[in-house]
Each structure stands twice: as structure tokens, then as C-alpha cells.
Amino acid sequence: MERNSSADLLDQPAAWSDPAIAGDSSATAEPARCFHCGTRCRGEVFTLLEKSFCCQGCKTVFEILSENGLNDFYSLSENAGVRVKRATRADQFSYLDAPAVLERLVNFTNGKLTRITFHIPSMHCIACVWLLENLFRLKAGIGQSQVNFPRKELSLSFENEKVKLSEVVGLLAALGYEPELKFSDLENHAKKPVNRRLWLQMGIAGFAFGNIMLFSISAYLGLDSFSGPGFKKLVGYISLFLALPVVTYSAWDYWRSSIISLRQKLLTIDVPIAAGILAIYAQSAYEVLSGVGEGYFDSLCGLIFFLLCGRLFQQKTYDRLAFDRDYKSFFPLSVTRIAHGTEETAALAQVETGDHLLVRNGELIPADARLVSGAAVIDYSFVTGESEPVEKQAGDHLYAGGRQMGGAIEIETVKAVSQSYLTSLWNQEAFRKENSETLATLTNIFSERFTRIVIAIAAGSAVFWWPTSPALAIKAFTSVLIVACPCALALAAPFTLGTALRALGKRNIFVKSPVVLETLARVTAVVFDKTGTLTAAGAGSIRFEGNALNDQEKGWVFSLSRHSTHPYAVRISEALAEEQYPQVVRSFLETTGCGIEANIGSNEIWMGSAAWLATRNVAAPKGAMKGSHVHLAINGTYRGCFVLASALREETEQLIGSLRANHQLALLSGDNDKDRAKFQALFGTESRLAFNQSPVEKLAFIRSLQGEGNTVMMVGDGLNDAGALKQSDVGVAVVERISAFSPASDIIVAAGAVPKLAAALKFSKGAVRIVRVSFLISGFYNVIGIAIAASGSLSPIVCAILMPLSSVSVVGFACGATAWLGRRSGLGEPSQFQSKNKQP
Amino acid sequence: MSVIFLLIPLSIVLAACFLGAFIWAVRSGQYEDTCTPSMRLLTEERAVKNFKEKAELP
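Residue numbers (the working numbering), protein chains in the order written: chain F, 1 to 840; chain C, 841 to 898.
A portion of the hints provided could be inaccurate.
[What the hints assert, rightly or not] Some chain C residues close to chain F (C-beta under 10 angstroms, calculated; not the full set):
1) I844
2) A856
3) F858
4) F862
5) D873
6) T883
Hint data in this document are derived by calculation from the structure and do not stem from the laboratory. As the structure is a computational prediction, the values presented were derived from the model and not from experiment. We treat Cβ as the ideally placed atom computed from N, Cα and C, and that holds for glycine.
Please model the entire structure based on the sequences and the hints provided.
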């Protein structure tokens, strides 16, 4: 018999998620911390084996782990557990077993064994890794599981006959590691091994480079005179053989891209590189086969090796970030459907028009729908940018993407998920064209001129020497191509921009690719979204004025304010939600425009405006404090006031001020224009401000700015900005948490780093200037080299010295100057984003 | 000095072995996640210890 099957856990009623748990919270001196998750225990404390737990969920996880001999979980890291937020119902994940869903979620299945990858945002420490990799001990049928911690991914295999996918996910959820299952998981499963090929190409080039260099040095030092002509021949043939895979496999990308650009009649940097590689290999092969010399194989392999190093350096990938997400990553994979009077969990893809769905507090409306019953208060801030929730009546139309705040509502879908108002944005033209990597990069513009000059010189020197000696003419021609092979030139941009990308990444500005950085340097117009970008959403800027509240009082405030959907109440309750548990609230009453009141235990709590409290004979001091105020009175005594600081993010004024000098500015908001005066003063009269903008209108606004010849940077955060972000030349998505959802964009920036955007723009301009200077330096080396080559006296040893020398000095300059610039340009100190976010 | 004609091919064969090891490492995905193995290392012993205890239970 299997002991303590976790299915038991799933079958338990939802006791611990019930808000009514708390009961009387009479003073205990120092509340114990939960042994599992470290949260302070309030209300009823669950104890087992002299350990206290904050809730039934944590206790159950402890039981499961200890009965299966996984107690070491707790010794690996203190309070390692994740608090189980929500009880899981037995059938909650059963929709996953439907073949249509299962088939598209898994990586591999043969009917007996299935392999699947989950994204689990709540894993945060070494103990989590250990537990997740020991899952096979908790349930028979689960095979090997492996964690990729930076990506927060768990891939595991299970035997279909012994365990179902729904049970696996149920077990994970019961342990507090509920996988994030999004609508988009049903697609794009072919994750390509990112850098694998580049690593291989580089490894082979490095291998050949090292070995050939060893032999060549002995030749340069005159060892062949020592061991006879046979040695020279052997070394020549070995080098020829070793260089073959380098030229064909390692340099493959250069061949391919130069053929493509020649077809488009463009002279990108890859064309002279490919020509140089070809010339070196042909010349060297000729020398070796005819026994004339030993060739330039060392320089050739070194060249390709350095070039690939540059490529690898330039590719900085951020594991936790995704730049290409659309609305599908925002929608859940499952919804609660009401059919024949019972609730069932269904995959979103299976939802049809006319289905009745249950949407609970905090859940999304997945498709355009009609409200059937329930008190709907819909927060559209993410979709339209409106900051205040809207109340709806039964029969009203609800748009997809809104978030229900308050009790559960029942809705009837009127459109399919893929045809809803929100998703129609993705049918816009901007989403259809693939933003291909533009070819007009700095390097390519420079190389266009460079290549023409080089070819002219090569041809000229060949013509010049032809009358004297045709052999010398050919040698001069190939020598010029060899020396001019723009290795240093090709390295300048990758190393400069790669360093710049890292410098910005350390300051929480994550740039998708080096090309984006070049575009950033050209930006002439900056457009801001208001909600969530310039104004901070959520808590963070809440302060309590007056004598500090004790824990009990905080608990009351939290319990009261969570019953209201007023934005201030929501912000206050969110600020306290971390540590507090809801308590039973009686006779709750909300007076619109005044405040809220209720009884908790034997205490009477009032929260609201000063004027409202004054009518109840509670005098609130009138201070000249900035921001919005919510005053608090307990049992008729004034306790103080919550100050919800000015919703503008800190340092926004400085940011706008420093951008105003050099850029055209604009504000786009989906919100109403009650703040117009405030923002007009901030942005200046010359800037355009547009309010009540729909997502499609925002997109059109960006397009019109581009029509005026601007390179536009759009800074936004919500799905409502998705179109504008896509249309703009540089789309900047602002996120509160790095792993949180962000719409498709070119740059992802942490909310705290938004004020640094002005400095980042300046920095990118500086980086581009450094690239240009590096071009000059490498050009200088090329002039020297070409002068030697055109005279027909290039020897392998000169080549072997000149090439690495120019590359190293250019790379050194590029990295050094960029790092220096990064420290100088007011970006601030590098910081690491808080990755230890416990809440999923 | 003619021993060098034997030593050089030998050295290449040896180097090729290392190249082979590198290719195997890349292909088996070891370059894709360089963070988690360092964490796993610290927990490996515990895995074996407790597994035996559990195996004895009915």
C-alpha cells in the first residue's frame, strides 16, 4: 500500500483557504514562525511534533515530506518552504489529462513514458531544487526530474500507466510549487538549443588554432632546418587538414550570410570576411601543396576563432526573460466552467461560445462575455490603462483581459477566445511583419565603403605588378585580401555592444540584442504610457503617519480594507497582505466618497476621509502632506493616517526633464484626462498628450510619429501598450517583477530602473561613438597591413603578428572604453534584481 | 630527431580526444545550465542516505 498518497491531500476540503479561520487573535507575545514557510503564525497555530505551522497546507507538506524521509529539505535552508496559498481540488487539474491538451503540453511521449517541462516561478532556493529533484519518492510512477534553476524550470518524466499528468501537477501544487500553465504553453514547444552550435564551432576553431599555432611556431623558429624538409611538409599537411573543418563548419555562418547579402546586392561585413577566409585558405593550400611555403593556417584559424568569440560575447541571453510574449502567455490554461449546475475545470482552448464560466476574485476574463450574475468590479488597467475598476451590472458586456476584483461572478462567453476585442489587436499589421534583424547596422554601413576600397586596392596592386611578374601580382592581390580581412573591424561592434548590454543588464535594463542598442542611440522621440510606467501601480509608496500600528491593528486594517474595491483600499490591503491574515469582519459598510467601516471582534474600525471622520466627532489633523490620505479611527479614537504618496514614480520629474532637452516627448494614456494639467506641466507645452487611447489608437499614434521621420522609443507596461511597443522602433516594457509577464518588447526594464532611461539613452550614444573610434583604430592597422601587402612582401609571420595585435588592441579598447563609459554616464551602481520572490 | 614524426600525430590524436570530450559535453547540454549543477552538488549525499531507509518500508 502506498503510504500517505498525496491524493488524500487533494481530496481534503478547502479548509485552510477559508478567510474565516482566524478566530480570536488575543495577544500572544511573539507569534511563532511557521516551520515550513517562515511566515509568522496568526490565528490558529497548527502544531505537529512540537513544530508550529501557519496553516493546514504547510503542515500537510511537512507531513508528506517527513513520512517519505525527505526531512532534509528543512536542513538545507531555513524555512525553505513555499506557503501553499490555495487548496487544490481533486479535479482541478483533470483537464490536463484530455489527450488534446496533454499532447501539446508534453515534450515527448510514447504512450508509456512521458517527458514534460514545467515553469515553476515559486522555486527559490537550494532546498526547492533538492525537493523537486526527489519527487520520484513521493509518488510511484514519477521518474527522473531535473531542475534548471536560472530558468525556473522543472523537467520530469513519468509513466503514464502509473500516474496521470493531473496527479503530477496536483502533487506539485500541493507542495506549493504549482506550475505556471499558460495558454501559450500549447504552442511553440520546439525550444532550440540556443548556443550549442556556436559553442561547437568555436571549440573546433580553437582546437585547430591551438594545434596549428604550436607547429607554426617551430617553423617560425627554424626547427625545420634542424629536422629536414620532411618536417615542414608534415606540418603543412596537418595544418591543411586541421583547417578544413574550421573553414567549412566553423565559418559556415559567414559563408551563408555573405551569399545572402551578395544576392541582395549588399556589402555587409561578412562579405570581406568570407573573401579573406577564401583567399587565405586558397593561398595557403597552394603554398603547401606546391611545397613553396607553410601558408597562413595559424592566422586563418585564429581569425575565425576570435570572430566566433566575438559572436558568443555579443549574445547575452537573459534566462528568466522572454521578449516575445503575446496575450496567450497572459491567459490561464484552464478556466472554471459551469455545466449542468456543477463546476468543472476546462482547458481554455475547449471553451466555446455560450459556455458559462465562473470567474473568481483576481481571475481574468478569458473571452468577451456577458455578465450573468454576481457583483462584477472589473479592473481593466492592464488592457486599457484605466486605473480605476469599473462596476458592471448583470447583462453588461465584459471585455476579455479584465480582472475581476471582489466575489465570484458567472459569465457567459459571447465570442471565442481568439476573436475577442483584446486579441483583435494582434491582427494588426505591426504583428504580422517579422521584425527581422536590420542589415543597416553600424558595422555594415562602414563595411560597405571599406569593402569597395579594399577591392580597388587589391585590383590596383595586381595590375601594378602584372607587367613585372604575374606570380607576384597574384600574391599581392591575395595578400591584400588577407590583410584587409576585417577581423578587428568585425570585432569592434560585438565587444563594445556586448559590454554595453552587460553594463545595462547589471542595472536592470535588459536589452534584447545589440541591434536594439544601436537603434536606441538614434532615438529622437520618446513616448510614455501613464499607468504603471510613470505612475507606480500597487503599494510601495504607502506610509503610515501617526503612532505605529501594532500587528493586531494592522490585521484589522487589512481585514477591513480587503473588502473594498476602492483603489486606495486595494493598495492598503495589498501593502499589508504579506504578513496578515484575514479575520472575520461583521457589519461592513462602504459609504461612497467617504469611507468604510466594520466590526472585527468587539472593535469598531473606521477608515476614510477626514471630513467623514469629523462627522463622527473624530478630529483628524490637517497636514500639508503630499498625496492622498486615508484616515483611520479605531473604537472612535483617531489613530493616524495612511499617506498614499503621489502616484508619480520617484525621479520621474528628473527623467522627463533630462529627456526634454534632446527628444520629442509624448504621453499616451488609456485613462481619462483628469491629470492632464499635471502632466502638461511636467512634459512642457510642446509635448503631445493623448488620453482615453485605445490600444489600436496608441499603435496609430506611434506610426504617425514615425511618419514624421522620428525614431520612436515607446515605454509601456500593459497589454494595452502591446501594439505601440511592437510598432515603435524600440519598445521598452516596464515590469514590477522581472519574471512577471511583459508584452513583446525590445527592452525589459525593472520599474525601479525607469529613471535611468535617460542615462541609458546617453550611454547608448556613447557606445556607438566608441564603435566608430574602434573602426578608425582597426582601419589604421589595415592601412599598415595593406601597405606591406600591396608591395608584395607579406610573410606568414608578419600576418601572424599583425592580425592578433590589431584584434586584441581593438577588443581591449572597446571593452575598456565601454566599461569606463558605463561608470561615467550616470547609470548608477550595478545592482542585482531581487530574484528571491516567494509569491508565484 | 625523427621521433617527432611519431610524436606529432600522437599529440594530435590526444588533442582530438579532448575535442571529442568537449563536443560530447556541449551536445549533452552541459553548457546550457551552468548554475543548477553547482547547487545539486551540495545535496547529493542526502539523496542516497534516505532512499535506503525508505526502501525498507512496506
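Per-residue hint verdict: C/T883, partner chain F, C-beta under 10 angstroms = Hint holds; C/T883 Cβ to chain F Cβ min 4 angstroms, cut 10 angstroms.
Report holds or violated for the interface hint on C/F862, using the least CB-CB distance to chain F and a cut-off of 10 angstroms.
-> It holds, given that the least Cβ distance between C/F862 and chain F is near 5 angstroms, below 10 angstroms.
So, C/D873 near chain F? Judge it on the closest CB pair being under 10 angstroms.
-> With a minimum Cβ separation of about 5 angstroms from chain F (threshold 10 angstroms), the hint on C/D873 holds.
Restraint outcome when C/A856 is required to lie within 10 angstroms of chain F by C-beta distance = 8 angstroms, holds
Report holds or violated for the interface hint on C/I844, using the least CB-CB distance to chain F and a cut-off of 10 angstroms.
-> Hint holds; C/I844 Cβ to chain F Cβ min 6 angstroms, cut 10 angstroms.
With a cut-off of 10 angstroms on the beta carbons, see whether C/F858 makes it to chain F.
-> 8 angstroms, holds
Violation of the numbered hints given earlier is absent; every hint is satisfied by the structure.
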